[in-house]
Amino acid sequence: MKKSCSAISSLLEKYFDREVTDVERSHVEAHLLDCQACRDVLKSMGKLRDLVKTPVEEAVQKEDFPWVWQKIERGIRLEEKPPFWENLRSWLQISPLFQRRVWIPAVAAAAILLAVILPLLTQKIPSHPSPSVVEYVESQTHNVMVYELEKTKVTVIWLFEEPEKETPSS
Amino acid sequence: MRRTFLLFLLFTLCFISTSPALAQVQVRLRVIGASNEGQSIDPSLKDIYKELGSLFSFTSYRLFRDENLTLSPNQPVSISSRRGRLIEVTLTGLHRDIAELRIKVVREEKEILNTQVRLSPGRTVLIGGGPRQREGIIIYALSASF
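Quick mapping for you: the protein sequence lines, in order, are chains A and B. Numbering that gives the first Met the number 0 numbers the first residue of the first sequence as 0 and each following residue consecutively. Numbering that gives the first Met the number 0 numbers the first residue of the second sequence as 0 and each following residue consecutively.
In short, the hints are calculated from the structure, not lab data. Hints should not be assumed to be uniformly reliable.
[Stated by the list, open to error] Only pairs whose alpha carbons sit at most 20 Å apart, straight line, appear in this in silico EDC-like list of lysine to aspartate or glutamate:
1) A/K152 x A/E134
2) A/K46 x A/E56
3) A/K152 x B/D96
4) A/K152 x B/D46
Work out the full structure, taking the sequences as your base and the hints as a guide.
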């Protein structure tokens, strides 16, 4: 190493890290042309960097840092939830159905239908104009009696045997 | 096009949900043997025993058959009971809380009863009488649920 090497050595690291000024760089490069020792020092710096850098880069490429993502996702989840109306609005914007604004006539139609059907369903219309349970009754072989007990909601249809016809005496 | 389809779907659903024509009716038919032999009351007749006791003077009521009939409009359902009797029940109409039933009772191929009744939930129709057999008669008890 030449005498000026001691002066260059402080710059050599900065030169290696590309932190020198243009003037310093030209000064170092002029020195390196004549100084084999400093060139060796620079080369050894490069080797040392490669020695450290390569395994670190390989390790970084292999590692996908799941814990980092977990932490980020947890952080996102912990963020304050947007208000309901904001959620609804964003959903409506996303939904292609509502983008077309079909819901306006659909809701209107549903409201009209409800307005028409609801009174029909709720009003107490007598189911049949006649309160009688038995509409008609007939029997070819018997007499029939019908009586209804409204209190117990029981209707009885009773068949009576016809009185036996008197057989002509011989 | 999609709007028309949605409206059509809405109307169809409303029509289906309010249409009684597509509904079915469950009718419970019990065939009871009433007589004056003994004093036994079938436990499964507890719900109508009070009515039977107040209407008739029999001392014994036995349950011969207990059927739950699912009636569809105009499709008769027949149940044969003892002593060559057959009862045929047909749903002829259905209003909001009234089922119209045509009931035929046939004995030895002879129609001994033909009637049309309106049955509502909670109401019971009792059909009885006819020829006595061994001091007993058959009573049909019909009740609907829908």
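Structure-based check of each hint:
With a C-alpha separation of about 16 Å, the suggested pairing of A/K152 with A/E134 holds against the 20 Å cut-off. Our distance criterion of 20 Å between C-alpha atoms is met by A/K46 and A/E56, whose separation comes to about 15 Å. The hinted pair formed by A/K152 and B/D96 meets the criterion: a straight-line CA distance of about 14 Å does not exceed 20 Å. Between A/K152 and B/D46 the CA atoms are separated by roughly 13 Å; this keeps the pair inside 20 Å, and the hint holds.
Figure legend: structure checked against the earlier numbered hints; every hint is met.
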